[in-house]
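Residue numbers (my numbering), protein chains in the order written: chain Z, 1 to 369; chain E, 370 to 638; chain F, 639 to 1043.
Think of the hints as simulated: they come from the structure by calculation, not from any bench.
One thing to keep in mind: the hints can contain errors.
Heads up, simulated EDC-like pairs for lysine to aspartate or glutamate below, C-alpha to C-alpha not over 16 Å straight-line [said to hold, decoys possible]: (1) F:LYS798 <-> F:ASP775; (2) F:LYS798 <-> F:ASP1015; (3) F:LYS870 <-> F:ASP1034; (4) F:LYS1009 <-> F:GLU931; (5) E:LYS596 <-> F:GLU722; (6) E:LYS596 <-> F:ASP690; (7) Z:LYS335 <-> Z:ASP265; (8) E:LYS596 <-> F:ASP838; (9) F:LYS826 <-> F:ASP838.
Sample of chain Z residues at the chain E side, in silico, Cβ under 7 Å [to be verified]: (10) SER12; (11) PHE13; (12) LEU59; (13) LEU74; (14) VAL76; (15) LEU85; (16) GLY105; (17) ARG109; (18) VAL156; (19) PHE310.
Where a beta carbon is used, it is the ideal one built from N, C-alpha and C, also for glycine.
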Amino acid sequence: MANLELRNISKSFSSKRRNAPETVLSHVSLAVPDGKIFCLLGPSGIGKSTLLKIVCGLLVPEEGDVLFDGESVLRVPVERRGAVLVFQDASLFPHLTVEENIAFGLKMRGASRGEQRQVAAEMLSLVEMEECARKLPGEISGGQKQRVALARALAVRPRILLLDEPFSSLDARLRRSMRAFMRALQRKTGITTLLVTHDWEEALQDSDILGLLFDGKLLQTGAPEDVFSNPVSPRAADFFGVRNYFDVEVRDGTLSSPFGSAPADAPDGRYLGMLRPDQIALLPDAGGAGSVLSAEYGGERIFYDIVPSFSANGCGWSRFRVAASLEGRLREGEKVSMSARCDTIRLFPAESDRREPRETESSYEQDLQ
Amino acid sequence: MKTRSPFAPLLLFAFLTLLLLPVLVLLIWSVARSWPWPSLLPAAYSAAEWKSLFSASSRLVPVLLQSVLLAGGVTLLSLAASVPAAKALGLLSFPGKSVVEMLVLAPVIVPPLSYAPGMHLLFLRLGIADSFAGVLLAHLVPCLPYGIRILTNVFRALGDRLEMQARVLGASPAQAFLHVTLPLIAPGMASAGGLLFIVSLSQYLLTFFLGGGRIVTLSMVLLPLVKDGERAAAAVWSTLFIAVSLLFCLLMERAAKRCASSRDTFFLS
Amino acid sequence: MTFRSTIRTKCCMLLIFALFFAAAPRLFASDWGAVLDASRGTIVNFYGWGGDPNVNAWLDTFVAPRLKERYGIVLNRVGMGIGEVLNKLLSEKAAEKTDGVIDVVWINGENFFAARRNDLLFGPFTQALPNFREFVDAAAGDVAFDFGFPTEGYESPYGKAQLVFFRDTERLKEAPGGHEELLEAAKKHPGTITYPAPPDFTGSAFVRTVVCDIVGREALVSLPADKEALRKAVAPAMEFLVALKPYLWMRGESYPASSSQIKNMFADGEIVLGMSYTPFLAPGRIAAGEFPESTESFVFEKGTVGNTHFLAIPFNASNASGAMVVINEILTPEAQASKYDPAVWGDLPVLEYARLSSEERALFESVDTGKGTVPLDFMLRRRVPELPANFIPILDEIWRETVLK
Chain Z
1 MANLELRNIS KSFSSKRRNA PETVLSHVSL AVPDGKIFCL LGPSGIGKST LLKIVCGLLV
61 PEEGDVLFDG ESVLRVPVER RGAVLVFQDA SLFPHLTVEE NIAFGLKMRG ASRGEQRQVA
121 AEMLSLVEME ECARKLPGEI SGGQKQRVAL ARALAVRPRI LLLDEPFSSL DARLRRSMRA
181 FMRALQRKTG ITTLLVTHDW EEALQDSDIL GLLFDGKLLQ TGAPEDVFSN PVSPRAADFF
241 GVRNYFDVEV RDGTLSSPFG SAPADAPDGR YLGMLRPDQI ALLPDAGGAG SVLSAEYGGE
301 RIFYDIVPSF SANGCGWSRF RVAASLEGRL REGEKVSMSA RCDTIRLFPA ESDRREPRET
361 ESSYEQDLQ
Chain E
370 MKTRSPFAPL LLFAFLTLLL LPVLVLLIWS VARSWPWPSL LPAAYSAAEW KSLFSASSRL
430 VPVLLQSVLL AGGVTLLSLA ASVPAAKALG LLSFPGKSVV EMLVLAPVIV PPLSYAPGMH
490 LLFLRLGIAD SFAGVLLAHL VPCLPYGIRI LTNVFRALGD RLEMQARVLG ASPAQAFLHV
550 TLPLIAPGMA SAGGLLFIVS LSQYLLTFFL GGGRIVTLSM VLLPLVKDGE RAAAAVWSTL
610 FIAVSLLFCL LMERAAKRCA SSRDTFFLS
Chain F
639 MTFRSTIRTK CCMLLIFALF FAAAPRLFAS DWGAVLDASR GTIVNFYGWG GDPNVNAWLD
699 TFVAPRLKER YGIVLNRVGM GIGEVLNKLL SEKAAEKTDG VIDVVWINGE NFFAARRNDL
759 LFGPFTQALP NFREFVDAAA GDVAFDFGFP TEGYESPYGK AQLVFFRDTE RLKEAPGGHE
819 ELLEAAKKHP GTITYPAPPD FTGSAFVRTV VCDIVGREAL VSLPADKEAL RKAVAPAMEF
879 LVALKPYLWM RGESYPASSS QIKNMFADGE IVLGMSYTPF LAPGRIAAGE FPESTESFVF
939 EKGTVGNTHF LAIPFNASNA SGAMVVINEI LTPEAQASKY DPAVWGDLPV LEYARLSSEE
999 RALFESVDTG KGTVPLDFML RRRVPELPAN FIPILDEIWR ETVLK
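Whole structure, please, built from the sequences with the hints as guidance.
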């Protein structure tokens, strides 16, 4: 076990299409205290996996340093670094049995056969897979493979555990149970863990510390609830599927918005206001400021796309997303009024770069199924 | 794997016919004396050519020994040289890679006749002409493209993920290759090896030029017989050729299987 | 090792030159003894075409054991065509390789001419061979000349061959005695007669036999090796071959590519008449059950072309003395009589009958030349010496231009 620190890591790859190198990590610094889970959330791309490969030594950064317990490990070769990476696809060795897969790392370290057997048995019971010991990876399910991959990584008692979207290839239900399993396992073993994912819900629930990685840069780090409720920029808010923006003006300590006015301690000026989908309430109102475009049933809640009569300057996104309870269901085309507590409005500078959410980014729909 | 198409028996039949019929015809020719058209079977038979195969003048044992040693050696050397080259071509990207990939195939396109004399002259100057080592080296030229080509695809299909995984778990580069990559490419190496063996065994011109007649392989015996129309004798030696190739391929498959299922090399017996 | 064998070669060459210029014939016996001593326990690499199993077997089972027993020499037969041998020697010459692997090479005709022109042969050496001096008439036309070129002691006769026809007497009752009768036979049995297309060795010899049958050898030998002159001279023969064409196999639109195809076609009964440059081919094939029992050989009344094939020693032979012992052994009456046997090889002897003792003659007389052959003396009397080697490619070309088209 160790604490992990990354200082100012930069990495770029030569691009095939363009001659210029493509920067995938730019001056990334982060720290993971001993025994904690740091979750790195970011859109699909190569940046996150690259960062993990740099930590375990499969890639060398162009700039920056990797420290375990305050000591630089850049010169330590991958096999002796003690950071184990678990890939998205589990990457079990197909020619070895489950047991042999788990014992692999020990065998490479020259452990005795007895020790290999003993640790393999321990790990199998830890991941509750004793009955599969002699099976080949081709004979077990996807979830079982991930458990074996975890067991194999834990068998070598790594200083740092690196998880690269470990459950994203599993179906939603299995993914949930595997995540719970992984969390419990991490608590039990207390291994410092760096997890990368593009699933914001997973990131919020599984992490002790959350980091947002976008375009190779770390936008924000902090406790998950802080990052969720206080995004530093509209882009950071995007990670959680927010798309409700509107113009706000502050004058003499008073904020005025389409949702009303409230006292504010921001300096005078124009701002971009933001509300999360669950912070807006809807009421049927023939003279309301918006109309229901569509409704989506989402289990415990229902999601409405609302076309507001107002929009943010230069925002370009003119639809609101609102999460509401199932009671008093609204029809499509119905006029509604939107209300919110104005003191919950998050203010960003008016010039904030605010683009439409990309397909690959997470949103409520795909994560609450 | 176990799904059976209704065409399966038909396919099997066609396959066996296409594969076995020529061998059967070869076997008949080896004992035929006269086979007038359009008779279905020969008019006269004789086992004379089989008898003479086992006589002293056929030099069966030295020819077989030289053929197997040479082709086997070429196969092993080619595989050893192909693995790193194929790994680089299959997994790395570097400038000029497509050009390298094309150049690798060049010896297959260029006929041996165009480079054998020059090679002979070079080997003469190097003092390795008319020697086993010289022929071995020369055979690498037509063999390497096949080895590299096949193994490049094997590496491409395998990817580098598993080797990275092994490294991360604490395997040195050598250990990762030995315990992960090698068992996984073993089946590919076996099929490549079978092909390389046959390519080497079939080399007539290169063996001829660079062996100076001292290295006598099956092709060296077979070709004059075919050219001179000694049908029965040619059939006998062809049968031998096929038998040797087949046997080697089977041995390679078995070795690969043993390597791939590392039960006996890993910790559980 | 390389160094030693080079020294040995040089010593041998010196020795040979000494032998050759030594005046007193009595000296030879002891000097031949030196050659024998030098070659004892050595390996001699014998390079020659390996496509005939009979020839291979004779060298391996008759010559090799005798050499081993008498001189302690191991004969290593290497099957390699003369074209490849010459290429190899040319490369070695270019690379200045002095310790070549080839000790004896089977050669004749234009290849000998090419080898001499490129200075690829060692010699002259024939006068140093006791058996050559004793049994061979060095002045005879088919020893002193090889396809019209003087041999000058650079090659020693190995055997003689002659073009011989064979027919299935059940189907082709009368043996054609000349070209006219061949045409008659072809008309009577359309589609069942053919010959290999020149430049196949046998096909080319057949065309020359027809040329000699129609034009006569004497009318040609004095001509220059000039295409137009030859074309004019052989025009009647080419006209005949064109007239023969429609009655041949496939109406003469296509010809077998090789003499082996002729053998196989005859064995399968596709053709009733074939030809071979191996005079005693038929009895061996009858005995093997390939040719029908009713096969008979014959030659034209005016004769068929014949040649001598030779053995030579390359310029860079590592074991020239061993090579001379091998060649000398092949000139013994025993060896010549052995390969004369059609069951063994069926190659005609090169020794002067008059120089043999009565016991030695008996060796030849006891050979059963087998079924369906032409008697040796009858055949030799109808033997037309080959045309000059440099005529051959020209005649092949004329055939291609006028007959094949």
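Going down the list of hints, with the structure as the test:
1. F:LYS798 <-> F:ASP775: This hinted pair holds, its Cα atoms lying about 14 Å apart.
2. F:LYS798 <-> F:ASP1015: It holds: about 13 Å lies between the C-alpha atoms, which stays within 16 Å.
3. F:LYS870 <-> F:ASP1034: holds, 14 Å
4. F:LYS1009 <-> F:GLU931: holds, 8 Å
5. E:LYS596 <-> F:GLU722: Holds, at about 15 Å.
6. E:LYS596 <-> F:ASP690: Cα-Cα ~10 Å, so holds.
7. Z:LYS335 <-> Z:ASP265: violated, 33 Å
8. E:LYS596 <-> F:ASP838: holds, 12 Å
9. F:LYS826 <-> F:ASP838: Violated - the C-alpha atoms of ASP838 of chain F and LYS826 of chain F are around 27 Å apart, more than 16 Å.
10. SER12: Hint violated; SER12 of chain Z Cβ to chain E Cβ min 15 Å, cut 7 Å.
11. PHE13: violated, 10 Å
12. LEU59: Because about 10 Å separates LEU59 of chain Z from the closest Cβ in chain E, which is outside the 7 Å limit, the hint is violated.
13. LEU74: With a closest approach of 16 Å, the LEU74 of chain Z hint is violated.
14. VAL76: Hint violated; VAL76 of chain Z Cβ to chain E Cβ min 12 Å, cut 7 Å.
15. LEU85: holds, 5 Å
16. GLY105: This interface hint holds because 4 Å falls under the 7 Å limit.
17. ARG109: holds, 5 Å
18. VAL156: Result: holds, 6 Å to nearest chain E Cβ.
19. PHE310: violated, 51 Å
Going through the hint list in order, the structure does not satisfy hints 7, 9, 10, 11, 12, 13, 14, 19.
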